[in-house]
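Q: Chain by chain, the residues run as shown.
Number of protein chains: 2
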Amino acid sequence: MNYTEAKLKFINTWGTLGSLWGINKAMAQIQALLFVSTSPLSMEEIMDELKISRGNTSMNLRQLIDWGIVTKEFKAGERKEYFSTEKNVQELTRIIAKERSRREIQPAVKTLKEVYTITDDGTAETKELIKQTKALHDLAETADIMLNKIVSHKQNWLTKSIFKIFN
Amino acid sequence: MNYTEAKLKFINTWGTLGSLWGINKAMAQIQALLFVSTSPLSMEEIMDELKISRGNTSMNLRQLIDWGIVTKEFKAGERKEYFSTEKNVQELTRIIAKERSRREIQPAVKTLKEVYTITDDGTAETKELIKQTKALHDLAETADIMLNKIVSHKQNWLTKSIFKIFN
DNA sequence: CTAAAGTTTCAATAATTACTGAAACTTTAG
DNA sequence: CTAAAGTTTCAGTAATTATTGAAACTTTAG
Numbered sequence: 001m002n003y004t005e006a007k008l009k010f011i012n013t014w015g016t017l018g019s020l021w022g023i024n025k026a027m028a029q030i031q032a033l034l035f036v037s038t039s040p041l042s043m044e045e046i047m048d049e050l051k052i053s054r055g056n057t058s059m060n061l062r063q064l065i066d067w068g069i070v071t072k073e074f075k076a077g078e079r080k081e082y083f084s085t086e087k088n089v090q091e092l093t094r095i096i097a098k099e100r101s102r103r104e105i106q107p108a109v110k111t112l113k114e115v116y117t118i119t120d121d122g123t124a125e126t127k128e129l130i131k132q133t134k135a136l137h138d139l140a141e142t143a144d145i146m147l148n149k150i151v152s153h154k155q156n157w158l159t160k161s162i163f164k165i166f167n
Numbered sequence: 001m002n003y004t005e006a007k008l009k010f011i012n013t014w015g016t017l018g019s020l021w022g023i024n025k026a027m028a029q030i031q032a033l034l035f036v037s038t039s040p041l042s043m044e045e046i047m048d049e050l051k052i053s054r055g056n057t058s059m060n061l062r063q064l065i066d067w068g069i070v071t072k073e074f075k076a077g078e079r080k081e082y083f084s085t086e087k088n089v090q091e092l093t094r095i096i097a098k099e100r101s102r103r104e105i106q107p108a109v110k111t112l113k114e115v116y117t118i119t120d121d122g123t124a125e126t127k128e129l130i131k132q133t134k135a136l137h138d139l140a141e142t143a144d145i146m147l148n149k150i151v152s153h154k155q156n157w158l159t160k161s162i163f164k165i166f167n
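Keeping their order, the protein sequence lines are chains B and W.
Under the UniProt record's numbering, the first residue of the first sequence carries the number 1, and numbering increases by one thereafter.
Under the UniProt record's numbering, the first residue of the second sequence carries the number 1, and numbering increases by one thereafter.
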C-alpha cells in the first residue's frame, strides 16, 4: 500500500466511523484529511481532494468549527481562508467528549429525570417505569460525570486514568 | 405528566438516542418498551404499542437478540414467543460496550494499523500520515482495552471505576 | 465607488436507510 | 397427515438525510 492508497483508506475509514457515532461522512472525511495534512488547506483543496461540492464543504467546515475541532487560519498576504484541525489526539478526544456530553448525554439525563419524577400512582406499571428510568438516569449521570472528569485534564488524562483503573 | 405520557416520552427519547449512537429507532424503541414492561411481551403486543409492522418488529427483535440484549421466553402451554430485555442497567451497559468494541472499535484499530505500517518513503506527507494514524491507533487501542477492563467485571464495575478515578 | 475573489445559503435532487405488508416458511396440535 | 398459529423474508415504497450547484451575499484591492 502506497501513500495515496493509505491516505484514502484512512479518510474512508474515518468517514464510515464518523457516521456510526453521529457525525456525517463528509464532516468526518474533512476532519480526517486535515488531520493528516502537513499544512492548512483551503476550501478548494478540500473540495478537490474529497470530490465534494463547495456547498457541502462550506457547511461541514462550519460544523467542525462549531465543534471546536477545526480552526480558520489566514496566510499573510492571502485573501483565502485556510483550515486546520487539532492535531493532538488527546486534545481532540477531549473536545469531542465534551461536545457529546453537552449535546447528547445531558439532555437525555434531563428527560430521564422528567420521566422518573412523575407521581407514583401505586400501580406496578408506574413503579416499574419509575424504577427503571431512575436506574438509567443515575447510570447516565454518573457515566457523564466520570467522562468529564477523565477528560477534563488537558494533559495526560489517558495515562492517568489507565494507571488508576489498572491498579 | 401521567404514566402513559411518561412511558411514551421515555420510548421516544430512547429511540432518538439510539439512532445517535448507531442503532436504529425501532430497535431502540422496542428495547425501551421491554425495559419498562412488567412482563415479557409478545410480538403482537410490541407491534401494537409501537405502531410498527410485523416485519419491522421481527427484524429488529432478531437484531436485539443477536446483540444479546433481548431473550425469547416461552410461557407454559403457550405457543407464542415472548420477549424480554436485560433489566439490570449495568449488565445492559456491559453487553452494549462489548458489542460496540467488537463491531466498531476493533475493526477500526485494525485498519489504522494497516495504514500506519506502510513503508516510509521519507516524504513529509508520508511521515505525517504515519505519525498521525499511529497516534490515533494507539489511542483507540488503549481506550478499547480500558473500556473492556472497566466493563468486564460483572458486578459494580461502575462504582469501582469511579472510586479509582476520583481519588 | 466597482470588480474580483471568496464564502454562504438553500431549494431541488440524489442517495441512503427504514418500514410495510403480503407471501413463504416453520412449527405444532389434533 | 392437515390446518391453524406463528414467524421470517424481502421486493417495493416511504421517510429521512446528505449533497449539489447556482444565486445571493460579503469582503477587499484598486
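Treat the hints as calculated values from the structure; they're not laboratory data.
Keep in mind that the hints are not guaranteed to be accurate.
Chain copies aren't distinguished; within one or between two, either way the pair holds.
[To be verified] The list that follows gives simulated cross-link-like pairs (lysine-lysine, DSBU-like), each with its CA atoms no further than 30 Å apart: (1) Lys134 with Lys149; (2) Lys75 with Lys25; (3) Lys80 with Lys149; (4) Lys134 with Lys113; (5) Lys113 with Lys75.
Q: Under a CA distance limit of 30 Å, which applies to Lys113 and Lys75: within one copy, between copies, both, or neither?
A: neither (49 Å within a copy, 34 Å between copies)
Q: Within a copy, between copies, both or neither: which one fits Lys75 and Lys25 at a CA-CA cutoff of 30 Å?
A: Within. Shortest intra-copy distance 28 Å satisfies the 30 Å Cα cut-off; inter-copy 46 Å does not.
Q: Could you figure out if Lys80 and Lys149 sit no more than 30 Å apart (CA to CA) within one copy, between two copies, both or neither?
A: Result: close neither inside a copy nor across copies, 39 Å intra and 48 Å inter.
Q: Since the copies are identical, ignore which copy is meant and state whether Lys134 and Lys149 lie within 30 Å (CA to CA) inside a copy, between copies, both or neither.
A: both (22 Å within a copy, 26 Å between copies)
Q: If the cutoff is 30 Å on CA atoms, where do Lys134 and Lys113 land: within, between, both or neither? Let me know, please.
A: Close inside one copy (7 Å), not across copies (41 Å); limit 30 Å.
The earlier numbered hints that this structure contradicts are 3 and 5.
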